[in-house]
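Protein chains in written order, with full-length UniProt numbering: chain A, 1 to 225; chain B, 1 to 225; chain C, 1 to 225; chain D, 1 to 225; chain E, 1 to 225; chain F, 1 to 225; chain G, 1 to 225; chain H, 1 to 225.
These are calculated hints, taken from the structure and not from any lab test.
There's no promise every hint is true.
[Stated by the list, open to error] In the DSS-like style, the derived pairs of lysine-lysine whose C-alpha atoms are separated by at most 27 Å in a straight line are:
| no. | chain 1 | residue 1 | chain 2 | residue 2 |
| --- | --- | --- | --- | --- |
| 1 | D | Lys141 | D | Lys119 |
| 2 | E | Lys45 | C | Lys56 |
| 3 | A | Lys56 | G | Lys45 |
| 4 | H | Lys141 | H | Lys119 |
| 5 | D | Lys45 | B | Lys56 |
| 6 | G | Lys56 | E | Lys56 |
| 7 | A | Lys56 | C | Lys56 |
| 8 | F | Lys56 | H | Lys56 |
| 9 | C | Lys119 | C | Lys141 |
| 10 | H | Lys141 | D | Lys56 |
| 11 | F | Lys119 | B | Lys56 |
Values in this document were obtained by computation on a predicted structure and should not be read as measured data.
8 protein chains.
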Amino acid sequence: MSFEDLGFSKVDTDRERRTGYPEVIYGEGKSAEQIYQIMQLLIDKHERVMVTRLSKDKAEQLTALFPEAVYHSVPRILLYGRPLQQYQSEIIVLCAGTSDLFVAEEAALTAEWMGCPVKRIYDVGVAGIDRLLAHREEITKASVLIVVAGMEGALPSVVGGLVRRPVIAVPTSVGYGAHMEGLTPLLSMLTSCASGMSVVNIDNGFGAAYQAALILQLASEGEQK
Amino acid sequence: MSFEDLGFSKVDTDRERRTGYPEVIYGEGKSAEQIYQIMQLLIDKHERVMVTRLSKDKAEQLTALFPEAVYHSVPRILLYGRPLQQYQSEIIVLCAGTSDLFVAEEAALTAEWMGCPVKRIYDVGVAGIDRLLAHREEITKASVLIVVAGMEGALPSVVGGLVRRPVIAVPTSVGYGAHMEGLTPLLSMLTSCASGMSVVNIDNGFGAAYQAALILQLASEGEQK
Amino acid sequence: MSFEDLGFSKVDTDRERRTGYPEVIYGEGKSAEQIYQIMQLLIDKHERVMVTRLSKDKAEQLTALFPEAVYHSVPRILLYGRPLQQYQSEIIVLCAGTSDLFVAEEAALTAEWMGCPVKRIYDVGVAGIDRLLAHREEITKASVLIVVAGMEGALPSVVGGLVRRPVIAVPTSVGYGAHMEGLTPLLSMLTSCASGMSVVNIDNGFGAAYQAALILQLASEGEQK
Amino acid sequence: MSFEDLGFSKVDTDRERRTGYPEVIYGEGKSAEQIYQIMQLLIDKHERVMVTRLSKDKAEQLTALFPEAVYHSVPRILLYGRPLQQYQSEIIVLCAGTSDLFVAEEAALTAEWMGCPVKRIYDVGVAGIDRLLAHREEITKASVLIVVAGMEGALPSVVGGLVRRPVIAVPTSVGYGAHMEGLTPLLSMLTSCASGMSVVNIDNGFGAAYQAALILQLASEGEQK
Amino acid sequence: MSFEDLGFSKVDTDRERRTGYPEVIYGEGKSAEQIYQIMQLLIDKHERVMVTRLSKDKAEQLTALFPEAVYHSVPRILLYGRPLQQYQSEIIVLCAGTSDLFVAEEAALTAEWMGCPVKRIYDVGVAGIDRLLAHREEITKASVLIVVAGMEGALPSVVGGLVRRPVIAVPTSVGYGAHMEGLTPLLSMLTSCASGMSVVNIDNGFGAAYQAALILQLASEGEQK
Amino acid sequence: MSFEDLGFSKVDTDRERRTGYPEVIYGEGKSAEQIYQIMQLLIDKHERVMVTRLSKDKAEQLTALFPEAVYHSVPRILLYGRPLQQYQSEIIVLCAGTSDLFVAEEAALTAEWMGCPVKRIYDVGVAGIDRLLAHREEITKASVLIVVAGMEGALPSVVGGLVRRPVIAVPTSVGYGAHMEGLTPLLSMLTSCASGMSVVNIDNGFGAAYQAALILQLASEGEQK
Amino acid sequence: MSFEDLGFSKVDTDRERRTGYPEVIYGEGKSAEQIYQIMQLLIDKHERVMVTRLSKDKAEQLTALFPEAVYHSVPRILLYGRPLQQYQSEIIVLCAGTSDLFVAEEAALTAEWMGCPVKRIYDVGVAGIDRLLAHREEITKASVLIVVAGMEGALPSVVGGLVRRPVIAVPTSVGYGAHMEGLTPLLSMLTSCASGMSVVNIDNGFGAAYQAALILQLASEGEQK
Amino acid sequence: MSFEDLGFSKVDTDRERRTGYPEVIYGEGKSAEQIYQIMQLLIDKHERVMVTRLSKDKAEQLTALFPEAVYHSVPRILLYGRPLQQYQSEIIVLCAGTSDLFVAEEAALTAEWMGCPVKRIYDVGVAGIDRLLAHREEITKASVLIVVAGMEGALPSVVGGLVRRPVIAVPTSVGYGAHMEGLTPLLSMLTSCASGMSVVNIDNGFGAAYQAALILQLASEGEQK
C-alpha cells in the first residue's frame with residue numbers, strides 16, 4: 001500500500017489497483033477545503049471520486065470547483081467520473097417506507113457508481129405484506145439484496161426467507177421513542193430468524209452497497225481456484 | 001373493593017363481582033404455603049382459581065392438597081375449576097417458533113380459562129412467510145389476535161397488516177446475543193409500523209390473554225350506551 | 001390488497017373496504033409535496049384523510065391547498081372529511097399532567113375521527129390521587145380507556161385496577177433526567193401489576209386510539225360466531 | 001475518627017460516639033471468619049451489632065459462636081444486642097406486593113434495631129388502590145414513610161401525594177422482562193411527580209431505614225439552633 | 001383534597017392547609033398564559049407562589065404581569081410572596097463545581113422559600129478534598145445536607161461519612177462522554193457506600209430541598225407521639 | 001413453499017429445491033424428542049441434516065438413534081450426511097483468540113457442510129499484529145472471509161483493510177466487564193472504518209458461514225444475466 | 001493545600017508547588033467573566049494558565065483582555081505563558097482519522113504546554129494498517145503513547161501490541177449509529193486484548209496528556225527510592 | 001516478532017526480549033491441557049510464567065504437574081519463577097472495601113511478579129475519609145498508584161487529588177442494583193474530576209499493574225533522548 005500524505009490525511013492512492021475501486025471520501029467532519037484537496041488528488045490519479053455524507057453547502061462550494069461533479073441531495077452524495085467495470089448481475093435495493101429513501105438512495109447510487117445494475121423497490125414495509133409479495137418473482141432474480149428499514153426493521157427477515165441470495169440489512173434512524181434512533185431495528189435485524197443475512201450500521205447504505213458490489217465483483221470473476 | 005387480609009397478602013375477594021373474574025395468583029416469589037392459603041380462600045369464595053408462573057415442585061405440593069387442580073408444565077400454570085361465562089367469538093394465538101410455545105400456551109390456557117374459544121397457529125415465523133399466509137383466511141376471522149414472537153419479533157407487524165381486529169403482541173425471551181433476553185423484540189414491537197397493535201411485557205402471555213378476554217367480554221355485552 | 005404506486009410511496013387505496021378506515025399519513029419525514037400527492041389520492045378515493053405528526057409550516061402549505069382541512073396545532077394533526085361510521089360506546093382519554101396534553105389530544109382527535117365518542121379527563125396524575133378518584137364512577141363506564149402519562153408513568157396501573165375494561169397505556173416524552181425521554185415510563189408501564197393493560201410506543205397517542213377504535217368497532221358488531 | 005485495623009478491614013470503633021450507632025457489617029463478599037472477627041471487635045466495644053445480607057449457612061456458623069444473636073431468614077439479617085436510644089415517633093413501612101417482603105423486612109428490622117417504632121402495611125400495590133386508601137388516616141400519622149415496591153414502582157408516588165412527611169422509596173428486584181432486575185422501578189421512582197420523596201438503591205431496605213432513623217433522631221433532638 | 005379545575009389543569013388549592021406549603025408550578029411544558037392563570041389562582045388563595053424551570057422569556061412576560069415577583073436567572077425560579085413558617089435549624093447546600101451552581105441554587109432558593117435557613121458551600125469537589133475538609137466542623141452542624149455533584153458524583157459519599165444527619169444527594173447533568181447526561185453520577189450516588197443517604201433525579205435541586213424542608217418541619221414540630 | 005406440520009413445528013421440506021440447502025435445526029429450546037422427529041423427516045427427504053447449538057446430553061440421545069451422525073463438542077454441532085454440491089473457491093475463517101474457537105469452529109463446520117473449502121487461521125488477535133501479517137498473502141486469496149473476535153472486536157477492521165473480498169464479522173461473548181457479553185465487540189464491528197464488511201449476531205458462526213456459502217454458490221454459478 | 005475563594009469558585013493557588021503544574025480551567029459551563037477572574041488570579045500567581053473547552057466567542061472576549069493569550073480553534077484551547085520545566089523524552093500522539101484531529105490536538109497542545117516534546121502521527125486508522133506500520137520504528141521510540149480513535153476504536157490495541165511503553169487510549173465522539181456518541185469505542189478500548197493500556201473519557205485529550213506528562217515527569221526524576 | 005504455533009494458540013516466545021516480560025496466560029476459557037502446553041513452552045524459553053483468572057480445580061491439576069508453581073486462591077493467579085529485573089520505586093495499591101481484595105491482590109501480585117515493590121493500603125473507602133487521610137503522607141511517596149474500588153467508585157478521584165503521580169483506577173464488580181456489575185463505578189471513574197488518572201476494565205487488576213510496571217520500567221531507565 002502506498003499513500004499520499006496531506007498532513008491532516010493520508011490518501012490511499014493505490015487502492016484502485018488493489019481492490020478495483022479508488023478511496024471514497026467520508027464528508028462528515030471534514031472541511032470543504034480538506035475535501036477539495038483529497039478530491040483533487042484522487043481525480044488526478046483515478047479520474048473518479050465519490051464523496052458521501054456531504055452537506056448541501058459544502059456540496060455547493062465543491063461543485064463550483066468541480067463543475068463536472070454531480071450532487072444528489074437526498075442521499076447527500078457527490079459523484080465525479082464513473083467506474084471502470086460494469087457488472088451484469090443485478091442488485092435489488094428494497095426499502096420499507098418513504099422516509100427511508102435517503103438511506104436506500106445512498107445504497108443505490110453507491111452500487112451504481114461501483115458498476116452494479118440496480119433495481120429499486122420502495123415502500124414495501126411488512127405491515128402491508130402484499131406490496132412486497134407483488135414483487136416476489138422479481139426479487140428471487142437478484143444476485144444480492146440490500147434491504148433498508150427503520151421502525152421495527154422487520155423487512156429483511158421476510159425478504160431473507162424468500163430468496164436464496166445474500167441479504168444485507170440496513171437499519172435506519174427513521175422512527176421515534178422505543179426506536180432509539182435506529183438501535184432497535186439494528187438489534188432486531190441482528191437477531192433475525194432468517195439465514196444468510198448480515199447487517200451494517202444504522203443508515204449505512206454506503207457500507208451495504210460496498211459489500212454488495214464486492215460480491216458482484218467476485219461473481220463476475222467466477223470461481224477462484 | 002373488599003379484601004381478606006392474610007397478613008402477608010390482602011386477597012381481593014370481591015373481584016369476580018366487579019370484573020367477572022376472580023383474582024389470579026402470581027406464583028413466583030411466593031412459597032407453596034402462601035399460595036395454599038390464598039388458593040383456599042379463593043376456592044371457598046369462587047370455586048375457581050388460576051396460579052401462574054408456578055414451579056414444578058410447588059405444583060406437586062399443591063396438587064397433592066387440591067387433587068382437582070390440573071398443572072400444565074409447559075406454561076407452568078395450575079388450574080382449578082372453570083369460569084362462569086363462555087364467549088362465542090374466537091381468539092387466535094399465533095407464535096413464531098417452536099421455542100416460543102411456553103409463552104403461547106400461557107396465553108392460550110389463560111384465555112380458555114377465562115371463557116374464550118382459542119385457536120392455536122404455531123411456528124409461523126416471518127422468515128417462511130408462506131406458513132403464515134397459508135392461514136390468511138383463518139386469521140381474518142378472529143376477534144382478537146395474540147401474537148407471540150422471540151428473536152427479532154417481526155410476526156405481529158405482518159399479522160397486524162392482515163387483519164382489522166386488535167392485535168396484542170407478546171415478545172419472548174427466546175433468542176441470544178443482541179436479543180438481550182427479549183428487550184430487542186419488545187422494543188421492536190413497540191415501534192411497529194402496523195396500526196391497531198399494542199404490546200405487553202416479555203413472556204407475559206397471561207397479560208395478553210387477560211386483555212383479549214376483556215375485549216371479548218365487551219364484545220359479548222355489545223355496545224355500551 | 002390493491003395499491004396506487006406514486007414511486008416514492010405505494011398508497012393502499014383498498015384499506016377502507018378491508019378495515020373500515022382509509023390509510024393514515026404519517027407526516028414526519030415526508031415533504032409537503034409528497035403529502036399533498038398522497039392526500040389528493042386518498043381524498044379522490046375516500047373523501048377523507050388524516051395526517052399525523054405534521055409540522056406547522058407544512059400544515060400551512062397544505063391547508064392553503066385543501067381549504068376544508070383543519071389543522072390542530074397541539075397534537076399536530078390535519079383532518080379532512082369525517083369517517084363513515086359512528087359508535088355509541090365511549091372511550092375515555094386520561095392524562096397525568098398538563099404537559100402530556102399534546103399526546104392525549106393526538107389520541108382523542110384520532111379516536112373521534114374514527115367515529116368514537118371521547119371523554120377527556122386531564123391532569124389527574126397519581127401524586128394527587130383524589131383528582132382521579134373524583135372521576136371513579138365515570139371511568140368505570142368507559143368501554144375502553146386510553147391512559148397517557150409521562151414522568152414515572154404510574155397512572156395506568158391505578159386506572160387499570162379501577163375498571164374491568166381494556167386499558168391502553170401511552171408513555172410520553174415529558175420528563176427529564178432518569179426519565180430518559182420516555183423510556184422509563186414505557187418500561188414502567190410494561191411491568192405494571194395491573195391486569196388487562198397493554199402499552200404502545202412513547203407519545204404514540206395515535207396508535208392507542210387506533211386500537212381503541214378497533215375494539216369499539218368489534219363491540220359495535222357484537223359477538224362474531 | 002479512630003479505627004481498629006484487622007488487616008483485611010479497618011473497623012470504625014468510634015462510630016457510635018459520633019453518630020449514635022455502631023458500624024453495621026455488610027455480610028456479602030465477606031467470609032464467616034472475617035465477619036466473626038469484626039463482630040467480636042464491635043461487641044467488645046458496643047455490646048451490639050447488626051449484620052446484613054447474611055446467607056443462611058454463614059448465619060448458622062455465627063449463631064453457633066454467638067448464641068445470643070438472632071437470625072431473621074427472610075431479610076437475611078443477624079442481630080445482636082439492642083440500641084441505646086428509643087424514639088417515640090413512628091416509621092411506617094409499606095410494600096406493594098407479597099414478593100417484596102424481604103426488602104420491607106430488611107427496612108423494618110433495621111429501623112427497629114435503631115430504636116424506631118415501626119408499623120408495617122404490606123401488599124397495598126396501586127393496582128388495587130382501595131387497599132392503600134383503607135390505611136389513609138393511618139399513614140398521615142407517620143413521621144417518616146418507607147415505601148417498598150417492585151414491578152413498575154408506582155406506590156411511592158401515590159403515598160407521597162397523601163402525606164406531608166418525608167417519603168423514602170425503595171425499588172426492588174421483584175419483576176421480570178422490562179423490569180430489568182429493578183432498574184425500571186428505580187428510574188421510575190426517581191422521576192416521580194410527587195414532591196418530598198427520595199430514593200435508595202434497588203433492594204436497599206437497610207439504607208432507607210438508616211436515613212429514616214437519622215430523621216427520627218433529629219426530630220427527637222428537636223430544632224438545632 | 002379539593003382543587004380548582006382550569007380545564008388544562010386541576011390546581012390543588014387545599015395543599016397549604018394539608019402540607020404547610022401551597023402547590024408549586026413546574027414551568028417546563030406550560031405556556032406563559034397557562035402559568036399566569038395558575039399563578040393568579042394560587043396568589044388569590046395563598047398570597048405566595050413559586051415557579052420552577054421557567055425560561056427567561058416566559059419570566060419576562062410574567063414579571064410584567066406580577067411586578068412583585070422576582071426572577072432568579074441561574075436556577076430559573078420565579079418567586080412571589082414568602083412562606084408562613086420560619087425554621088431555626090440549618091440546611092447546608094454543598095456543590096462540587098462551579099458549573100453545578102444552577103442546581104445548587106435551585107435547591108437553596110427552594111429551601112429558603114420554604115422557610116429554611118440555608119448555608120451555601122460551593123466548589124468543594126473531592127479531587128481537592130482539603131477544600132471540603134476546611135468546612136468539616138461547619139457541616140457537622142447542619143440538620144440536613146443537600147449535596148449537589150456532576151461528573152462522577154463522589155461528593156455525597158464523602159460528606160455522608162462526615163456527618164450524622166440525613167444527606168440528600170443531587171446528581172447534575174454537568175459532564176460529558178461517559179457521564180451520559182447525569183446518568184453516571186445518578187447511578188453512582190445510588191450505590192454509595194455511605195449510610196443515611198438518599199438520591200433524587202438529575203438536576204432536581206427542587207426535590208431535594210422540598211424533602212429537606214419537610215424534615216426541618218418535622219424537627220420543628222418535635223417528636224410525634 | 002410446502003411444509004410438513006408436526007404440530008409443534010412446521011418443517012420446510014421444500015427448502016433444498018428452492019435454496020440448494022435443506023432446513024437446519026436450531027437445537028436450543030427444543031427437546032431431544034422434538035429434534036428427533038424433525039431429523040427423521042429431513043433425513044427421509046434429503047438424506048442430510050445439521051443440528052446447531054446442541055447440548056452434549058441431547059447429542060448422546062440422538063447419536064444413539066442415528067449412529068451415522070457425528071457430534072462436534074466444541075461448536076456443539078451434529079452432522080448427518082453430506083451436501084450435494086462442492087465449491088472450488090475458499091473461505092477463510094480467522095479468529096482472534098483461543099477462547100473464540102467454539103464460534104470459529106461453528107462457522108468452519110457449517111461452511112464445510114455446505115460444500116465450501118475452509119482454511120482456518122486462529123489466534124491472530126490484533127494486539128500481536130505480526131501473527132496476522134504472517135498470513136497476509138494467504139488471506140488475500142480467499143473468496144470470502146469470516147472474522148471471529150471477542151474482547152474489543154478489532155480484528156475484522158484490520159482484515160477488512162487487507163483484502164478486496166467480502167468480510168463477515170462475528171463478535172463473540174468472550175470477554176468480561178465492559179465487554180457486556182459481546183455487545184461491545186458487536187457495536188464496535190458495526191462502526192468499523194473498513195468498507196465491505198457486515199456483521200452477524202454475537203456467537204453466530206452459523207449465520208456468517210451460511211451467508212458466506214451463499215456467496216460462494218453465487219460465484220460458482222457466475223454472473224446472473 | 002491552600003486556595004483563593006472567589007465565591008463561585010475556590011481556586012487552588014498552591015497547585016504548582018505541589019504538583020509542578022498550576023490549576024487548569026475547564027471552560028465549559030463557566031461564563032467569560034468567571035473565567036476572566038480565575039485567569040487573572042492564576043496569572044498573578046504563576047504567570048501561566050491554560051483554558052480548555054473554550055468556545056470561540058468566549059475566547060474572543062478573553063484574548064481582548066489578555067492579548068498575550070493564544071487561542072487554538074480546533075482543540076478549543078487558550079494558552080497563556082509557558083511551563084517551567086522541559087522534558088527530554090517524547091510523547092507520540094496518534095489518531096485514527098482526520099475527524100479525530102480536534103481531540104488529538106487537545107492532547108498534543110496540553111502535553112506541549114506541560115513541557116513534553118510531542119510527535120504527531122495522524123490518520124493511521126487500522127483499516128489501512130500499512131499507514132501505521134510505516135511508522136513502526138518511530139513509535140517504539142516514544143516514552144508514552146496517546147492513541148486517539150473514534151469509530152470502532154481499534155487503533156490503541158494494535159499500537160499497544162507494538163510497543164513496550166504505556167499507552168493511553170482516548171475514544172472520540174466521531175462516528176454515528178451504533179457508535180453511540182463514543183460509548184462504543186470507549187467500551188471497546190476498555191476490553192482491549194493489549195496489555196499496558198488504560199483509557200480516559202470520550203474526547204478527553206486533555207486527561208490523557210495530563211497523565212502522560214506526569215509519567216514523563218516521573219521518568220525525568222528517575223527512580224524514587 | 002516470532003511465535004510458536006500450537007495450533008489452538010500462537011505463543012509469542014520473543015516477547016521478553018522485546019518488552020522485558022514473557023507472555024502472560026489468561027486462564028479463563030482455556031482447558032488445563034491447553035494451559036499446560038503453553039506453560040511448558042514458556043518455561044522452556046523463559047523459566048518463568050504467570051497464569052491469571054485460573055479456577056481452583058485447573059490450578060490443582062497444574063500444580064501437580066509443576067510442583068514449583070504457587071497458586072494464590074484469592075486473586076486466582078498461578079506463579080512460576082521470578083522476573084529478571086527489580087525496580088526501586090514503589091507502587092501503592094489501595095482498595096475501598098474488604099470485598100475488593102480479590103482485584104487488589106491481582107494487581108499487587110502482578111506488579112510484584114513484574115519486579116515492582118508494592119505497598120498495600122486496604123479498606124480505605126471514601127465514606128470514612130479519615131482512614132485514607134491517615135495514609136496521606138505515605139501515598140504521596142508512591143511512584144504510581146493503583147486504586148481499586150467497587151460500589152460508586154469514588155476513591156480514585158480523592159486519591160488523584162492528593163498526589164502528583166499517575167493514578168490507575170480499577171472498578172470492581174462488587175456492588176448490587178444500580179451498580180450494574182461494575183459498569184457504574186467504571187463510568188464514574190471515567191468522568192472523574194481528578195486530572196492524571198486513567199481507567200482499566202472492571203476487575204482488571206492485572207491490566208492496571210501491567211501498565212504501572214511499564215511506568216516503573218520507564219522511570220528506572222530514566223529519560224529517553
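Okay, the hints, checked on the actual structure:
1. D:Lys141 / D:Lys119: holds, 11 Å
2. E:Lys45 / C:Lys56: violated, 38 Å
3. A:Lys56 / G:Lys45: Not satisfied, since the Cα-Cα distance of roughly 49 Å exceeds 27 Å.
4. H:Lys141 / H:Lys119: holds, 11 Å
5. D:Lys45 / B:Lys56: violated, 49 Å
6. G:Lys56 / E:Lys56: holds, 24 Å
7. A:Lys56 / C:Lys56: holds, 24 Å
8. F:Lys56 / H:Lys56: OK: lysine 56 of chain F and lysine 56 of chain H at ~24 Å, within 27 Å.
9. C:Lys119 / C:Lys141: Given that 27 Å is the threshold and the Cα spacing comes to 11 Å, the pair holds.
10. H:Lys141 / D:Lys56: Violated, at roughly 44 Å.
11. F:Lys119 / B:Lys56: violated, 48 Å
Consistency with the previously given hints fails for numbers 2, 3, 5, 10, 11, ordered from lowest to highest.
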